[in-house]
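Chemist: Given next are the chains, with one letter for each unit.
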Amino acid sequence: MYFGKVTGTVVASRKDEKLEGLKLLFVQQVDASGKITSTYVVAADAVGAGMGEMVMFATGSSARQTTATEGKPVDAVVMAIVDTWEIGGKVVYDKYDQEAVSV
Amino acid sequence: MYFGKVTGTVVASRKDEKLEGLKLLFVQQVDASGKITSTYVVAADAVGAGMGEMVMFATGSSARQTTATEGKPVDAVVMAIVDTWEIGGKVVYDKYDQEAVSV
Amino acid sequence: MYFGKVTGTVVASRKDEKLEGLKLLFVQQVDASGKITSTYVVAADAVGAGMGEMVMFATGSSARQTTATEGKPVDAVVMAIVDTWEIGGKVVYDKYDQEAVSV
Amino acid sequence: MYFGKVTGTVVASRKDEKLEGLKLLFVQQVDASGKITSTYVVAADAVGAGMGEMVMFATGSSARQTTATEGKPVDAVVMAIVDTWEIGGKVVYDKYDQEAVSV
Amino acid sequence: MYFGKVTGTVVASRKDEKLEGLKLLFVQQVDASGKITSTYVVAADAVGAGMGEMVMFATGSSARQTTATEGKPVDAVVMAIVDTWEIGGKVVYDKYDQEAVSV
Numbered sequence: 001m002y003f004g005k006v007t008g009t010v011v012a013s014r015k016d017e018k019l020e021g022l023k024l025l026f027v028q029q030v031d032a033s034g035k036i037t038s039t040y041v042v043a044a045d046a047v048g049a050g051m052g053e054m055v056m057f058a059t060g061s062s063a064r065q066t067t068a069t070e071g072k073p074v075d076a077v078v079m080a081i082v083d084t085w086e087i088g089g090k091v092v093y094d095k096y097d098q099e100a101v102s103v
Numbered sequence: 104m105y106f107g108k109v110t111g112t113v114v115a116s117r118k119d120e121k122l123e124g125l126k127l128l129f130v131q132q133v134d135a136s137g138k139i140t141s142t143y144v145v146a147a148d149a150v151g152a153g154m155g156e157m158v159m160f161a162t163g164s165s166a167r168q169t170t171a172t173e174g175k176p177v178d179a180v181v182m183a184i185v186d187t188w189e190i191g192g193k194v195v196y197d198k199y200d201q202e203a204v205s206v
Numbered sequence: 207m208y209f210g211k212v213t214g215t216v217v218a219s220r221k222d223e224k225l226e227g228l229k230l231l232f233v234q235q236v237d238a239s240g241k242i243t244s245t246y247v248v249a250a251d252a253v254g255a256g257m258g259e260m261v262m263f264a265t266g267s268s269a270r271q272t273t274a275t276e277g278k279p280v281d282a283v284v285m286a287i288v289d290t291w292e293i294g295g296k297v298v299y300d301k302y303d304q305e306a307v308s309v
Numbered sequence: 310m311y312f313g314k315v316t317g318t319v320v321a322s323r324k325d326e327k328l329e330g331l332k333l334l335f336v337q338q339v340d341a342s343g344k345i346t347s348t349y350v351v352a353a354d355a356v357g358a359g360m361g362e363m364v365m366f367a368t369g370s371s372a373r374q375t376t377a378t379e380g381k382p383v384d385a386v387v388m389a390i391v392d393t394w395e396i397g398g399k400v401v402y403d404k405y406d407q408e409a410v411s412v
Numbered sequence: 413m414y415f416g417k418v419t420g421t422v423v424a425s426r427k428d429e430k431l432e433g434l435k436l437l438f439v440q441q442v443d444a445s446g447k448i449t450s451t452y453v454v455a456a457d458a459v460g461a462g463m464g465e466m467v468m469f470a471t472g473s474s475a476r477q478t479t480a481t482e483g484k485p486v487d488a489v490v491m492a493i494v495d496t497w498e499i500g501g502k503v504v505y506d507k508y509d510q511e512a513v514s515v
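Protein chains in written order, with my numbering: chain C, 1 to 103; chain F, 104 to 206; chain H, 207 to 309; chain S, 310 to 412; chain A, 413 to 515.
So here's chain C without its partners, still in its complex pose (with noise of 0.2 Å):
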């Protein structure tokens, strides 16, 4: 899984069928030391992410792992909401105290 913050939103009315009622997210991928990168993703989301807000995904067939994605044809799904993440001891994110940390 990787890091990355929920920075977008996806509209699409024609798609495959299974994906009616999925919700999609646009997520930059954050690197090692806690800054967004412009790699992105566009994932389904299985846990109520909101914007802004910094997640994990998982990809592959292990993003049909979930309720919401089981059988559907999606790669990438967010699977956790990150409170906090520390690096050799340091906090690199903390979702309570965000002035306090690198991102």
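A portion of the hints provided could be inaccurate.
[Claimed, not checked] Heads up, incomplete: computed chain S residues facing chain A, CB under 10 Å, no partners named:
1) Thr348
2) Gly380
3) Ile390
4) Asp392
Because the hints were derived from the structure by calculation, they are not lab data.
If you're wondering where the values come from, they're calculated on a predicted model, not measured in any experiment.
Using N, Cα and C, we set each Cβ at its ideal position, and we do this for glycine too.
Dock chains F, H, S and A against the given chain C, drawing on the hints supplied.
Modeler: Coordinates of chains F, H, S and A only, in the frame set by chain C:
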């Protein structure tokens, strides 16, 4: 999934029998700012996408989860046509107002 | 799928038993402008492709969806031979008129 | 599989229900010379790996083949802890003699 | 599949139980001209490959299609030992005449 623009077509008369009747699209990947890149994929069409349309495509085993592609040797599928795509509340792409946007 | 050109052959007498009888092709990937690159893949042949032919190959679990490759430890398969490939109405490759095109 | 070093931890209270009880590790990939890189992956822990340990991780559907991860939306798993790693007879990493080696 | 050269070994005593008895090889990828690169993969051995041998490896779910790796958390397998590899009729590698070739 990634955004892509359908920019070409492919004809292949000699192919695995499971591919009969499947339409193959030449799709160029679109980056996070909405620009078309030179990275491409040949994808099966599951939604009737046309030339010049902004689409989403899924890859890997997920590409075989549409009715059109089930059990077939394809590793990419166009599974949605994009109406609008916004980042941070700003419209990057709008199918019905393309002059106003950055693509 | 990606476009590739069959430029070489591989012989391997000691191999997993499921690979017996499977022809392996050395395929160099072709970029969006039709040029052969140094990126390669060794792919199983499901369509009787010959040296110098422009083909399409699929990777991952999709490579095991042909009759020739089902259940075998191969992660790439040549599943079609390209007749024509057009971008924006312009011919990039034409199997029967290669002098007129850019490859 | 690739070598990685466990350098961080992740806490995510809001997640897909199948992820309950699964420990997630922040793992930085190690290159062929034994150096830690900035390429990372968040991986499920199947072997009780601790901070600072040199591990191996598997990705894709293979990440779901451990008892800990079966059927879960994870695309990376730490499936082994490295004792020794040698290239050309030279020790690159030795868990019990880290001063003698290059990591 | 890609070509690789077996250049090292890995020992891991603490690992997922399904990995017991599986030999893990350190394999460095070989590029289209036959040169060894710094890109590596740790792959399960399904063919009894030895140090210094030129092999082919498969990745992803295809790595689990050999008898040795079925159902196991490995995402790469050495599934063949290369005898000869030719490009455009020119020998790039010949197991029995390595002085004559470019590797």
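Chemist: Which constraints among the numbered hints does this structure fail? Numbers only, ascending.
Modeler: 1, 2
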